[in-house]
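Q: Below are the chains, spelled out letter by letter.
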Amino acid sequence: KQEVTQIPAALSVPEGENLVLNCSFTDSAIYNLQWFRQDPGKGLTSLLLIQSSQREQTSGRLNASLDKSSGRSTLYIAASQPGDSATYLCAVTYSGGGADGLTFGKGTHLIIQP
Amino acid sequence: DTAVSQTPKYLVTQMGNDKSIKCEQNLGHDTMYWYKQDSKKFLKIMFSYNNKELIINETVPNRFSPKSPDKAHLNLHINSLELGDSAVYFCASSQYTGGPPALETQYFGPGTRLLVL
Numbered sequence: 001k002q003e004v005t006q007i008p009a010a011l012s013v014p015e016g017e018n019l020v021l022n023c024s025f026t027d028s029a030i031y032n033l034q035w036f037r038q039d040p041g042k043g044l045t046s047l048l049l050i051q052s053s054q055r056e057q058t059s060g061r062l063n064a065s066l067d068k069s070s071g072r073s074t075l076y077i078a079a080s081q082p083g084d085s086a087t088y089l090c091a092v093t094y095s096g097g098g099a100d101g102l103t104f105g106k107g108t109h110l111i112i113q114p
Numbered sequence: 001d002t003a004v005s006q007t008p009k010y011l012v013t014q015m016g017n018d019k020s021i022k023c024e025q026n027l028g029h030d031t032m033y034w035y036k037q038d039s040k041k042f043l044k045i046m047f048s049y050n051n052k053e054l055i056i057n058e059t060v061p062n063r064f065s066p067k068s069p070d071k072a073h074l075n076l077h078i079n080s081l082e083l084g085d086s087a088v089y090f091c092a093s094s095q096y097t098g099g100p101p102a103l104e105t106q107y108f109g110p111g112t113r114l115l116v117l
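Protein sequences appear in the order of chains W and H.
Each residue of the first sequence is one higher than the one before, counting from 1 in the working numbering.
Each residue of the second sequence is one higher than the one before, counting from 1 in the working numbering.
Quick caveat, the hints were computed from the structure, so don't treat them as lab data.
One or more of the hints may lead you astray.
[Unchecked claim] Below, a sample of chain H positions facing chain W; criterion: calculated Cβ distance under 8 angstroms:
(1) M15
(2) I45
(3) Q106
[As the list claims (entries may be wrong)] List time: in silico BS3-like cross-link candidates among lysine-lysine, alpha-carbon distance up to 25 angstroms:
(4) H/K44 to W/K106
(5) H/K9 to W/K106
(6) W/K1 to H/K36
(7) W/K1 to H/K9
(8) W/K1 to H/K19
(9) H/K40 to W/K106
(10) H/K19 to H/K40
(11) W/K1 to H/K41
All values derive from a computational prediction rather than experimental measurement.
Just so it is clear, CB atoms sit at the ideal spot from N, CA and C, and this is done for glycine as well.
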C-alpha cells in the first residue's frame, strides 16, 4: 500500500530565506507527483505536477524535484514571503490503472515570519 | 468563474440525518473525485467517477453514495450521519486520458465543512 510522508510537519522561517520541504513515498510505481498548497479554510491549489519520467519542474520561485527510484521529492521555495504561509501537501498517483485518485501526505505547515 | 464549486460551504446537522453535498465543474473534465480531510488534516480519496462509472471506491461506508446526474456534477449523498463523519469534504476533477494519468492535474473545489452534532 502506498504511503506518503512529509517532513517536517511544521516549519517557521524568517522572510527572505530559501527553504526545502521533503516528501517520501513507499512505492516507486507512480504516474506522477503533485505539490499542493492549502490555505486555512480554503481548498487545494495545485502548484506543480511532475511526471514519473521527469526529474524536476519549476514555477516562479518554486522548484520541485523527483527521484522516483529512492521515493523522494523536494519542494524548494526561493526568497520566501509571508504570502507563502500555508500548508503544503505532497500527493502521488499510484500506478493502479484507470482513473486513480491521489495518495496524500499529511502536509507541512509553513509560516514565514515578516 | 470558479472551476470547481461545492455547495454548501458549511453544513451543520444532527446525527442520523441524511444530507447531500453538491459539486460542479465547468472545466469539461470527465473524471471527478471526492476526498475527505479528517480532523488531523489527513486527506484521503473516497470516490472517483469517470463517464458515470465508479472507478475507485476506497474503504468507505456504504452510507456514502456518489451520484452523478451528468458529466459536470458529482454529488455526495450521506445517509444516517454519524459523529465521525465530521470533516471537510473536497471535490476535484481531472481529464481522463484513457492511458497513464501522468498528465492529469486534479483541480479541487473549496471544500464543504461538515459538522455532525
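Q: Look at each hint and say if it fits the structure.
A: Now the hints, each set against the structure:
{"no.": "1", "hint": "M15", "in the structure": "violated, 24 angstroms"}
{"no.": "2", "hint": "I45", "in the structure": "holds, 3 angstroms"}
{"no.": "3", "hint": "Q106", "in the structure": "holds, 6 angstroms"}
{"no.": "4", "hint": "H/K44 to W/K106", "in the structure": "holds, 10 angstroms"}
{"no.": "5", "hint": "H/K9 to W/K106", "in the structure": "holds, 23 angstroms"}
{"no.": "6", "hint": "W/K1 to H/K36", "in the structure": "holds, 18 angstroms"}
{"no.": "7", "hint": "W/K1 to H/K9", "in the structure": "violated, 32 angstroms"}
{"no.": "8", "hint": "W/K1 to H/K19", "in the structure": "violated, 32 angstroms"}
{"no.": "9", "hint": "H/K40 to W/K106", "in the structure": "holds, 8 angstroms"}
{"no.": "10", "hint": "H/K19 to H/K40", "in the structure": "holds, 23 angstroms"}
{"no.": "11", "hint": "W/K1 to H/K41", "in the structure": "holds, 20 angstroms"}
Checked against the numbered hints above, the structure breaks hints 1, 7, 8 and satisfies the rest.
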